[in-house]
Every structure is written in structure tokens, then in C-alpha cells.
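A.B. asks: What follows is the residue order along each chain.
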Amino acid sequence: MQSLFWAAAWYGFIALWLAYWKKKKGMEGSYTGTSCLAGYLLGRAFVMLQLRHLGAVAVEAAVMDAGTVVLCMWLAGKQRLGFRWEYVWLYVSNPVILLSLSSLRKTGAVTAALLLVLLIIKLGGIGRWERHSLELYRYYISFTACAMIYLAARLLLGQSGSQCTAGDGSYPMLWILSVSLAAATAVSLLHRMTVWRKDSVMGKASEQESAAESEQEASASQCLPVSDSFNGRDIVFLVLFTAVYAGLAFFRLGSTAAPQSYVKLSEDSDVGRQMIFRFGEEIELSRIEIFLGVESGRKISFSCYDYDAEKWEVFDSRREIASVFTWNTVPVNRKTRMLAMVLMDEEAYIHEIVFLDRSGRQVLPVNWQDYAEVFDEQTLYPRYTTYYEGTMFDEVYHARTAYEFVHRLPVYEITHPPLGKLLISIGIRLFGMTPFGWRLACALLGTAMVPLMYLFARRIFRQRGPAVFSTGLFCLDFMHLTLSRIATLDIIVAFFVLGMFFFMYLSIAGLRQEGLTLRSGLCLLLCGLFSACAVSTKWTGFYALAGIAVLLLGYLLTEYASSWQRLMENRRFLGRLCGVCVISFVLIPAAVYFLSYIPYMWCGNPDSFIKITIDNFKLMLSYHERTVFAHPYSSEWYEWLWNKRSLLDALSFVADGKAVSVATFGNPVIWWGGLAALLHNIYLWRCRKEKVAAYLCIAYLSMLLPWMFIYRTVFIYQYFICSNILVLLLGNSFYHMGRYTKRAMLCFGLAAGAVFLLFYPVVAGYPVRIDYINQGLEWLRSWGLG
Amino acid sequence: MMGCYRLVRITGLENQPERIKAGMLFTGLLLLVYLLVSYRRGMLTEKRAMTCIILYGIVMRMGYMLYTGCELRGHDLGEISADGYGHAAYLLKLLEKGRLPESNAGQLYQQPFFYLAGTLISRCVNGTMGGSTPYYFVDAAKIVSCFASCMTLLAAERVCSLFQLEEKGKLLAVSLIAFLPDMYLTGGRVGCDACHTLFCLLAFYYTCRWYQEQSWKNIILLALIYGFGMMNRTSMGVMALFTAVIFLLLLWRVENQKELAVQLGKYAVSALISLPLGLWYAVRNAMLFGQSPAYVPDLTSVPEIFCGDYSLVQRYVFWDIRNLFSTPYANPWEDYNLPVYLIKTALFGEFTYEINDWFPALLLFSGVVLVFFTLISLCTIIKNRKKEGFFLWTAAAFLLVYASMIGFTHKHPYGCSMDFRYVVILGVFAAIMLGRYLDEKKRGERYLLTASGVFCACSCLMYTLIR
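Sequences listed follow chains S and A, in order.
Each step along the first sequence adds one to the number in the working numbering, with nothing skipped, and position 492 is 492.
Each step along the second sequence adds one to the number in the working numbering, with nothing skipped, and position 348 is 348.
Derived by calculation from the structure, the hints in this document are not laboratory data.
The beta carbon of each residue, even a glycine, is placed where N, CA and C say it ideally should be.
Incorrect hints may appear among the rest.
Pairs of lysine-lysine, DSS-like flavour, derived with a Cα cap of 25 Å [what the hints assert, rightly or not]:
1. S:Lys658 to A:Lys411
2. A:Lys383 to A:Lys441
3. S:Lys618 to S:Lys658
4. S:Lys23 to S:Lys78
5. S:Lys22 to S:Lys742
6. S:Lys299 to S:Lys311
7. S:Lys24 to A:Lys383
8. S:Lys23 to S:Lys742
9. A:Lys411 to A:Lys168
10. S:Lys198 to A:Lys383
11. A:Lys97 to S:Lys742
12. A:Lys387 to A:Lys441
With beta-carbon atoms standing in for the labels, derived distance ranges [what the hints assert, rightly or not]:
13. S:Arg781 to A:Met287: 39 to 49 Å
14. A:Asp298 to S:Asp771: 47 to 57 Å
15. A:Val302 to S:Glu284: 53 to 63 Å
16. S:Leu409 to A:Val302: 33 to 43 Å
17. A:Leu116 to S:Tyr766: 55 to 65 Å
18. S:Val187 to A:Glu18: 38 to 48 Å
19. S:Thr165 to A:Thr133: 48 to 58 Å
Simulated coverage check for chain S against chain A, where a stretch passes if three residues somewhere in it have a Cβ under 8 Å from a Cβ of chain A [stated by the list, open to error]:
20. 333-346
21. 498-507
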């Protein structure tokens, strides 16, 4: 319900706000029956898709709502009661109706609909208030806001008026706020109506005011700087940003050494399923550290030999050694001369074992040579285990699977396509199965995103300033840096998605300037290749693919198919373009996707890669549908927007009250500012018909909106591909600030930089006092950083 | 005030608080009718409206003080016995034994001004009344707080006049101060908070007067205010910082040596008066108990109210919106966010009330709107600093006191450390800045006036209707 509420609130208020701005700019005539119908269908489809269970009541409410829309449209079509299409739009885009429908409250929906229609009739029907219609719009939006707060109080918090006198400690604060605001708005409206009756000058004044504001805006839009050419300075910036970012990404990325040799515990191995360690004399062991190999979640029983009773005493039965390629701690805290480990699973790969006594010193069993492989890299055990020496978060899946690709073992992680893990495996081939090795590909691609972003921003803005600003912010985003330093798939897919949008922009610009030439065709092919890589890495690439499809189709529809005649005139061009698009966005992605499964065949799978691909496709589909579980770091899509919940990738406590923490979340300055920039860009897109804003908004929304309809457990890093667009939205917003652009960009950039420095330790895993994390960095309660 | 208190005691009205509340309500209605009639007849002047507001502000303070016993909604009163360690014990020690406390345990570490004044008043009120119990001896000390609270209102009106606030702005500022609930709460309680607010405001007022006219009268008054203010509570030192800056500013402007000598002489006299008066008790406690002048009782034994485990940003920068919408009342056991806690305690103290939820909710929401406008006004004043004069000083004093509050709560990270009663003067500064905002006719005048109206109405109704 919360998801739906936020979605409806966002959708409704953006729509109403735009309607207000259009009215203010005298563009209210741009509404047509088609746009109203489209708005109606989109809004209602949006609700229906979010609802999992549709009851008969909802259907009845929807039918009544449809009847109201038909009535409104009829009134507007016939121009009865002063009805216009803009009023139909006000009705269909009202979030209160959407929410009333979704809450399955027929009475609520009907009442809301009736009230709204009455209000709209009032808005349009009385000719003498026509000149005050802008102010009436404000009242309409205010009433809608009150109704939304009321619904939030009723539906989300279960508040009601009867609680006011209950005296049971429950305070219906939001309910009171909504009712009192509505009352205040009503009183204010009545008062204004009295004033309007008396004084017609007020209207003129407000008209003059709005005209002055429009002029101001128009003059601001004329202040846009002229474009400058790409030259040596751009190269300097590009190199500088890339170098600085590479420094950040590779600094303390991970150890280049980790235990490599291992003992395989299994029935058919030389060692068998148990290992017995003799220490000669009695020692007091505090813990055992085990660096586990490729099989995770191994169950091992630990026992000590009791010389008095002459028998083995099990002190930790079936203990799960959970994480692969990192140190797993097993507390012992007992005196012993002999210790045994018995594997309770089929097999396990143990790379290294370290015994530590009470003072934290390493102890070597006297019979260590019996298991030389697990005692030959004792120096690699760090005093404190952090992300630097082992796997963190989902690396236990992705790095492990990459290792399996390298060693042609059966593949473990099959819930995402294999390309990303194949890329990770390149680093493992080069630097071995070490933290640095498995993180290398991600760090490189994260770094490569910086020049790509610069080129994209430079191309979009045609100005160095906003491009430098956007790229600078991109380097300062926390999530970008964190994901560049962890071997997961998100940075890889983000790289390809950024490339997709970049090349699509170049394609559209090329098509607009010179039609379908070799250059624009090549850009389309490259876009297709990047799309192919994106979807072969993670399915979130499909959302971006839908986004570029919308962008391309939107462009073609407006430029070449605005009428049947134009369509006919351009049919040859469109036919050729269609051919290129089929190659770029169907054949290439399909080929890359299928080919990326070839390594499965080398890993012991006897089927053909086509069958493997199809089977895996089905498996992924069912897996992602049913992956619903409670997780402390999971978050909803609407929580991503304001950076509500961070995800803790690694946390280790080291000496002197210090901790090493790695958390995935966004730079609050960039993300919160980006949210405002998004609204501004929507305004630029819808009210000023600004093409860059339109492109960026569609790109952003295409990757965000699908998450509204996904019920699986999701995490903040899934917003990453979307958040990359925020820096461009910010750049575009600041670009339109006229003479304040430079100063504003500087101040914003400095703020983002300062916050980046403040948070650097928890973004990059730098040791820092735990007090600093708790007292200085946990800005929100939901940020678990340490 | 003493007469009223005695009258209530004699007539037994103290046991019939509903009658007192009815009287308050009736007075309010009477004044309202008077204002409406004056308005209809075109006779409503600023002076008349101001008189009504101040009068009703005083009625609210006195009414609240009269119907609220000293044990209700108090802080650290302790056992009503000379052997205790709370405010009551402090007063009773002075009354019964005629000497200052021999320990600094509990509340006995406090500066003695309020207790000395309370003892004096209590003796005057109870001395002529037979059969007074220790409870009444302690209870009568509320008169000092109430008097200070009323004087604060009158002094605020003088400050507004000095600053030449225009008609509307002045009325708004004085209304907000008149009906600021924490003024009733501190005025109806045994404790030095109300006196502290009064001394802070007087110090601010006389510093401004001193800036205008560097006369002996002003400097001696200022010295006495600081002396007694510090004797009341050492945190008056925060305001002294403000005054010190003004002193230095004036010194900077002195050009000839003779003037400089006179000026320095005045400062020296001022120090000679204020320092011994303000610090003698602190020095005594330092000598007797080794107590630091900035001493406050250790609360580590009450870990439930510790809020230092929240980040600084959560505590000081962001507003805890969820808390704001969950309950109107502050909860020292769970709250950690200073801005929200200050707003809530400014309106309701650290207490909950039995009343229809509409009143506290509307009071809180209007309070939030007023705080929002205060922040805008603060920014506007800072932006137009060159032409703001005394208002810039008000803004500076506001920021200084708020910063001191942050420092204090950072040093003592406990729920109850964030109580607004320590910085009620912030409310006065905020009201003055809001008055300025209204005078400047900036955007949102309608909203500001609506919020102020709701605030004043809810404040009066709530503290008249509580059970």
C-alpha cells in the first residue's frame, strides 16, 4: 500500500503541478481529448498493475470512475458547463481518485469523484472567476494535498477522528492536520471569493504578477550560454577526473595475496572428511580462523580429545562455515592437546587454517605437515579481518562463480546472466583468486564510466562547465565508488547502460542532423552492443532497453510520423532505420546473450548453450518472482529516492575502537539535490519543451518505474543505474539557472565534495573510530553504517 | 499578585481550579468582545489592542499559576522537607534555618537568587496567614516565577518599542510572547527558569539601551541585571558574551583618550558590581565543595534518557518528522532531536495533558509554521544585515543562545537537557524577528498571521481547558 501511495502521490502531484505551470504560462489549450484519455488509461493501468488482488468492489469503483471520466469528456467535448479538456485532465490525474480506487473503497472513490467534479465545475463554470482561475488551481492542488494527507492518515496509519477524545495515548496527528488544513483552505477560498466579488483589481494584479514571472522565466531561458567546442581542455578534465577517480577506486581495493593452496575434504580425497591436529603440550585455544574455498555453508563438527576420559568431546557440533574466500571464525576458548574437525557435508575446500591462543598468537600443530596445504600460507592471516582480505556481501556469489568459470567447475550463481561474472573472472585469471583480482574488473569499469560520463555530459550540454560539474558529482557519488570496489554486477551493468544512453543520444542527434548515415548507424549498432552486454549482465538492462526504445520511438513519431502523409514520405528512411534497429536491438543482444552461456558448457554442463540459456531464462524468471524474504537492508523503491536505507557490505572492528565499514548508499547532497533537479527537469520537459530534459527524464523514469511493479525483496543498489542520471539532471538544472549557474554549481559541488570527504571512510572502508561513524555519519536512523 | 494568591487561598478557590479556569475564560471573552466592539466603532488603536493582549497574557500566567499546585508539572521539586535535596528543600532550609544549604547535592548546588526572593515572598504571604504548612511555604515561591514571567512580557513590549517595530509587527511579537505556553509553565512553577528568562531579556534590552546611550544609569542597571542574573543562574554568562561583543564594539569606536578612560571606568564599575554579585555563591561552592561554576548534576545514573548514541546530524540538523507526527508531547526517555524537542517543550513542557487532541495538535502545527517563518526571517535579516540594526543583534543573540543550547546538550546528551525552559528567551527573540518579518511585508504574511492566530487561540484554550 505504501508503494502505491507514494507512486500515486508522485504521479498525481507532478501531473497537477505541471498543469498549474501550463496554466500559468497560458498553455492550458494544449490538452486534447487524446492526451486526457492517455492520462486516464496510464493512471488507471498504473494502479491496476500495482494491485495484486482485484476484488469486485474495485471493479465497481473503476466502472464508476470510468463513467465519471466519460461524463467529463462529454462535457468538455460539447463545451457544456464551461468544461474544458484541461479540467478533464485535472480529474484524471488526481491522485486522490487513484488512491480511492486502489484502497478498494467504493464509497470513498465515488465521493471523491463527485467532489472533484463539483470542484472542477466550479473552477470552470463560473465565467466571472475566469481570471482567477490560476489561483483556483492553487486551491484545487491544496485541496488535493489535504485529501492525500487524509488518505495517508486513514490508509497508512489507520488514524481517525474518534481517536481525538479516546485518551488512549494514540494521537491522530496527520488526520488532524489534513482536516484542519482543508478547513483553512476552505475558509481562505471563501474569503478570496468574497474579495474577488468586491474587488476586480485583484485579478488584474495577479495576472500582471504572473505575466511578470513568465517574462522573468523567458529572460532566464534566454541567458543560456552558447556552446563551446571540444578541445584540449576537455581532454585535460577527462584525464584528470579519470586519474583521480582511478586513484580513489584502486586505493586499498583489496589484497593481492590470499591463501591459494587447499585441502579437499571428502570421502574420496587423500585426507578424507576429517583432520586431527596435535599440539604436543596442552594449550589454551581461543579461536580457529578458517579460509574457506569454493563451497559455501560447510557444516563441520569440532571436538577436543579429553585425555582423562580418553574420549573425544564435541564442543561445536555442525557449525556452519558460511562464507567463501574469506576468513571464518570459530570460537574455541578451551584447553586442549588435540583437536579434530569432521566435515558433515559431502565435500569442502579448506585453503588455510589458523589456530590462535588466548593472547592472539598463531599456534602451529606439531603434525602440520600432514596437512601442509592448510598451513603453508600462515603469514597471510591478518590480525583483523576486513573487506581487504576477503569477500564481502554478494562477492560470495559473484566472485565465487567467476572462480568457477576460471576453473571450469559447476556454476553456482545462476540467477543472473553470466557476462558480468565472466568479466570478473578476467581479473581472477590475471591476479589469482585474491580480493584485488576479483574486484579488478569492477574497478576498471567503474573508472571507465567517468570518461564516458564526461563525454555524455559534454555532448548533451555542449558546454564544458556543466559537463565538468556533472562528471565531478559523478566521481563524488558514494554508490559509484562503493560499487566500483566490490565484485558485484551492478557497476558492470551500469557501465553498459550509461553507454546505451550515450550512444542512443548520439544516434538521435545524428539522425536529426544528417539522417541515417554511417556515423549514426554505427552509433545505433554500438548502442545495440552495449544493450546486449547490459542485458547479458543483469536483467535490469531490459529496463534501460525499454527506455531507449521509448526515446527512439518518441523521436521517430514526432519527427517522421506526426501524420500519415509524413509517414508515407519517410517510409523508405524508416524502413532502413527499422532494419538497423532490428540488427542493433534484437539480433546483436540475442546473439550476445546466447553466446555468453557458452562457458557453461565448459563447466560440465552437457547441454547445448541454447538449451542452457532457455532453461536458465525460465529459472531466473521464477526465481525473481518468488524472492521475497525479510532482510535488514532491503528497501522499497520510494525509499531509494531519498536515500533512506543504506546497505552494509562489510563491517569489522579493529584495534583502538576503530572499525572498517563499507556501506552502499548515495551522496545525500547529490541524491536529495537530484530529486529536486528531477522535478525541475520534468518542468523543463513538459512546460518548456526542453529536449535534453525530456531525454534525461525518460531515461531516469524508464529505469525507476518498473520497480514499482516488482514485489521481490529489493535493495538500494538496484537504484544505481538510475541514480547515475541524477548528476546529468543536476547539470541540466544548473545549466538553466542563467547568470547564477557558475556560482550555484560551485557551491553545490563544494557541498557534495565536503560530504564526500566526511563519508569517505564508510564508502571506501577506511579504518575510522566507531564513534565517528555513529556520531558523525549516521544522519538517518535507517543508515546502519557501523 | 500576592493579593490574588492570598485571595485564592482564603476563598478556597485553590481546590476549585475549574472556577479559576472559568474566570480566565470569561476574562478572555470579555477582552475579545471589547476588542470587537472597539473595532466595529473604529476605536481600535494599537495601544488598546496591546493593553488587551498584555492584560490577557498576565491573566493566563496568573491563572495558570493559581490553579497549578507546586507539585504539578514541576521539575526537581523533591521532598517537601528541609532535609531533602530539591527546590523545596532549598527554600525550606532558607525559611526554617535562615541559612544557605550546607551541601551541593541534588538541586542545592543552584545559585540562590530565586530561593532568596522566593523565601522573602513566601514569608510575606504566609507570615501573616496562620497555619501554613511547608507545602504552602514552598508553593508561594511560584509568585516570584509568575511575577518574572509577567515582567518578561512587559519588558518584551519595551524591547519592541525600542526597536521601533511597527504596529502590526509589535502586536504580533507581543501576542506570541504573551501566549507562549512555556511562559505560563515556567511562571507557574517553583524554579529559577522564569527569572532567568527575565534577566536575559533585561540584559538584552539594556545592552541595546547602552549601545544607544552610554550613560551611568544604563551601565549600572546592566551591571545589576548581570549580577542578579548570574546569582540566579550561571548560564546567564551566555548573554554576557553578547554584551561583551557590544562593549568591545563601542570601545573600538572610541577615538580620544579621555573618552576611552571614561568608557573603561564605566566597564570597570560594571564589573565591580556584577562579578561579586553574580559569582559569590559560585565561589563559595567552589571553595566548600570544589564545585565548578558550570556544574550540573551527573545524569549517568539514568541511562534511559541518554541520547548521545544518535548522530549529531540526527540530533541537531534534521528534524525528526516522524516524531512530530506521532505525538504532540515530548518524551525525554525516547526523544533525541533537539529542534523538535525544543518546539514540543516550548508548547507543553515535558508533560502530557488530558485534553481533546485537537488543541495540542493545532498548537504544535502552528508552532512549527511559526518556527519555519522564524528561520526565514533569520535568513532575511542576515541577508539584509546592513539595514537591520537591532534586529541583526536579535538574530545574533538568537543564534548565540541556540548555539549554547547545542553545546550544552552535546556535553550533556540527555533527553531532559533539551528542555525549552532553559532557553525560553529564544521564544522572545523569535517573536521579535517574526514581528520584523511582518513589518517588512515579505511573502506569506497571510500564513504567518493565520498560524499566529491559531497559536494564540489554541494556547489560551488549551491551558484553560486542561484537566
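A.B. asks: None of the hints should be skipped; say for each whether it holds.
C.D. replies: Hints, one by one, checked against the model:
1. S:Lys658 to A:Lys411: holds (22 Å)
2. A:Lys383 to A:Lys441: holds (16 Å)
3. S:Lys618 to S:Lys658: violated (46 Å)
4. S:Lys23 to S:Lys78: holds (21 Å)
5. S:Lys22 to S:Lys742: violated (29 Å)
6. S:Lys299 to S:Lys311: Holds, because 22 Å separates the two Cα atoms, which is no more than 25 Å.
7. S:Lys24 to A:Lys383: violated (30 Å)
8. S:Lys23 to S:Lys742: Distance ~31 Å between S:Lys23 and S:Lys742 Cα, so the pair is violated.
9. A:Lys411 to A:Lys168: violated (40 Å)
10. S:Lys198 to A:Lys383: Violated - the C-alpha atoms of A:Lys383 and S:Lys198 are around 38 Å apart, more than 25 Å.
11. A:Lys97 to S:Lys742: violated (72 Å)
12. A:Lys387 to A:Lys441: Since the Cα atoms of A:Lys387 and A:Lys441 sit roughly 15 Å apart, the hinted pair holds (cutoff 25 Å).
13. S:Arg781 to A:Met287: 39 to 49 Å: Holds - the Cβ-Cβ distance for S:Arg781 and A:Met287, about 46 Å, lies within 39 to 49 Å.
14. A:Asp298 to S:Asp771: 47 to 57 Å: violated (21 Å)
15. A:Val302 to S:Glu284: 53 to 63 Å: Roughly 41 Å apart at Cβ, these two residues miss the hinted range, so it is violated.
16. S:Leu409 to A:Val302: 33 to 43 Å: violated (59 Å)
17. A:Leu116 to S:Tyr766: 55 to 65 Å: holds (57 Å)
18. S:Val187 to A:Glu18: 38 to 48 Å: Violated, at about 32 Å.
19. S:Thr165 to A:Thr133: 48 to 58 Å: violated (37 Å)
20. 333-346: It is violated, with 0 qualifying residues against the three required.
21. 498-507: Result for this restraint: violated, n = 0.
Hints 3, 5, 7, 8, 9, 10, 11, 14, 15, 16, 18, 19, 20, 21, counting from the list given before, are not met by this structure.
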